[in-house]
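Turn these sequences into a full structure, and let the hints guide you.
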Amino acid sequence: MLSLMDTFFGRLSTTPSRGTALDRLNAAMALHRSRMQLAALDQHLLEDIGIDRTTAAQEAARPVWDAPSSWRQ
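Heads up, the sequence shown is in the numbering used here, so the first residue is 1 and it goes up one at a time.
Incorrect hints may appear among the rest.
[Claimed, not checked] Cβ pair distances, simulated, as ranges:
| hint | residue 1 | residue 2 | range |
| --- | --- | --- | --- |
| 1 | 20 | 43 | 19 to 29 Å |
| 2 | 24 | 44 | 30 to 40 Å |
| 3 | 58 | 30 | 14 to 24 Å |
Since the hints were derived computationally from the structure, they do not count as laboratory data.
For clarity, every value in this text was computed on a predicted model and none was experimentally measured.
Backbone N, C-alpha and C fix where the C-beta goes; we use that ideal spot for every residue, glycine too.
Here it is as C-alpha cells:
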C-alpha cells in the first residue's frame, strides 16, 4: 500500500496529463497557424529552410490532429 508521503512526493507512477481542453485547442490553433504561415512563405525562404513548395503545401494540408507526438507535449 502506498503511503500518503509517497503520493505527496511524486513517487506514485501516473500517466502524464494531456492538459485541459483549452490547452489542446490552443495547441491545435497554433499548429494550424504555423502550417498556414509555412504555406505562405516565398520560394527563397523555403529554400533557406531546405524544403520545396510541394513539401510545404503537403504539410499545410495536414489536419491539426496529424502532428508528431513530440509536438504534442
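To see whether the hints hold, each was checked on the structure:
1. 20 x 43: 19 to 29 Å: Violated, since residue 20 and residue 43 (Cβ atoms, about 40 Å apart) do not stay within the stated range.
2. 24 x 44: 30 to 40 Å: holds (35 Å)
3. 58 x 30: 14 to 24 Å: holds (19 Å)
Consistency with the previously given hints fails for number 1 only.
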